[in-house]
Structures are given as C-alpha cells and as structure tokens.
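Q: As a plain string of letters, each chain reads:
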Amino acid sequence: DAGVIQSPRHEVTEMGQEVTLRCKPISGHNSLFWYRQTMMRGLELLIYFNNNVPIDDSGMPEDRFSAKMPNASFSTLKIQPSEPRDSAVYFCASSLQGIGEKLFFGSGTQLSVL
Amino acid sequence: QKEVEQNSGPLSVPEGAIASLNCTYSDRGSQSFFWYRQYSGKSPELIMSIYSNGDKEDGRFTAQLNKASQYVSLLIRDSQPSDSATYLCADSGGSNYKLTFGKGTLLTVNP
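Protein chains in written order, with the numbering used here: chain B, 1 to 114; chain F, 1001 to 1111.
Careful, some of the hints might be misleading.
[Stated by the list, open to error] What follows is a list of derived Cβ distance ranges for each label pair:
id, chain 1, residue 1, chain 2, residue 2, range
1, B, Q110, F, G1094, 45 to 55 Å
2, B, R9, F, N1110, 27 to 37 Å
3, F, Y1071, B, E44, 14 to 24 Å
Please keep in mind that the hints were generated in silico from the structure rather than gathered at the bench.
The beta carbon of each residue, even a glycine, is placed where N, CA and C say it ideally should be.
From just these sequences and the hints, can you work out the full model?
A: Given below as structure tokens:
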C-alpha cells in the first residue's frame, strides 16, 4: 500500500486566497484525521471523520476552515480566505478504527500564506 | 484544558547510551498513551503504545507508565545516531479518537 497520500507537498499563496489540501487515506481505513502542526502549538487535531462522517470538528479554528469527505478514498481541507497565521504543516492521518489502531500519517502539506 | 507536557530539549546523548524522555499529562481519565517519532521534515510515526501501569518493552525501546503520578517515559537503550529525532508523547484522554500531543523533545545522539 502507498500509505496516506497528501497533495500538494508545498503550497505558497497570498493572503485572501483560497487553499485546498487533499488527502487519500489508506484503503480499508475508516477513520480519517486532519492535524495542523506549528512550533507554537504543536500538533493539533482539526477534524475527525469516521466512515466518511464528520464526528468532531471542534478543533477547526474558525469558519474559514472547512473539510469534506465525499467518499472513503478522498478528503479535502479548505481554507477560505487564507491568512498568514494559517501557515503551518497540515497532516492527514488514517487508521482502521479511531486510535485503537495505529495512526498512519501522510507526508504533510507545508502551507505558507504571505 | 487537557495538557501533555514535555521538555523541549534538546537532549543530547552519546552513541550507545540510554536516552530517557519524559512526559506528564493533566487528564486523570487518560487510558492510552503513545510515543511518536518525527524526523525533521517528516511525518510522525508511532513507535510505542502503553495502556497499563508499568513497563512495556519493544526491542531497544521501553515505555513506562505511572498513572498515579501522571507521567509516561520512553527509554531508548544503545542509542544510535539514527534515533536522532523529535519524540512526541500523546494521550487519548479517555477518547477513542482524540489524541492530545505534547510539543515534543528533540533528541540528538552523537557518534
């Protein structure tokens, strides 16, 4: 298996632009997580999907952030409009079931908002 | 606010020594604890999980859990330069999906 696949690896954009991050989880995994990592705040859970349904989005910073999982093999995280403080590494992770099973992280998207 | 605290380091040890990484947590209801390793510029990778008080060994790695004192530790025996990375401690806080991560301890193993 290719593991969790994220795209793009790097994204540089200007403040106010829309940003869309993409994730393909490992086939057969029914849990998907979006995390954000910064030096100041560390690794934070943004949103958790189980069987394509958002279960917990309490970590989403504000309404500018939205996430979707239209099917078991694809998820997006959108920021609109983007702001410089959104600059971070965004990781997607998947597992067979919650955290009872091992979490597999994608390679991450390094987002820079100028 | 659930918190997981780690010494940011850097922790520097010579090759072959034992590296000791420590973590404290605030949620007394936490049941599951995890250690992730993150190489610079890479994604986190699970190396150990521990659920019961005491020690759990896996190769050169030993995780230790003390729920009464609310601390978790990771010992790396015979440290190798390839062990140089940031080690993230995480706890589940009783949740079956939500992990709270510490900010990590940077470990450097010197040849």
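Q: Hint by hint, say whether it matches the structure.
A: Verification of the hints:
1. The hinted range of 45 to 55 Å is not satisfied by B:Q110 and F:G1094, whose Cβ atoms lie roughly 33 Å apart.
2. Taken as a hint, the range 27 to 37 Å holds for the pair B:R9 and F:N1110, whose Cβ atoms sit roughly 31 Å apart.
3. The hint said 14 to 24 Å for the Cβ distance between F:Y1071 and B:E44, and at roughly 22 Å that hint holds.
In this structure, only the earlier hint numbered 1 is contradicted, and the remaining ones agree with it.
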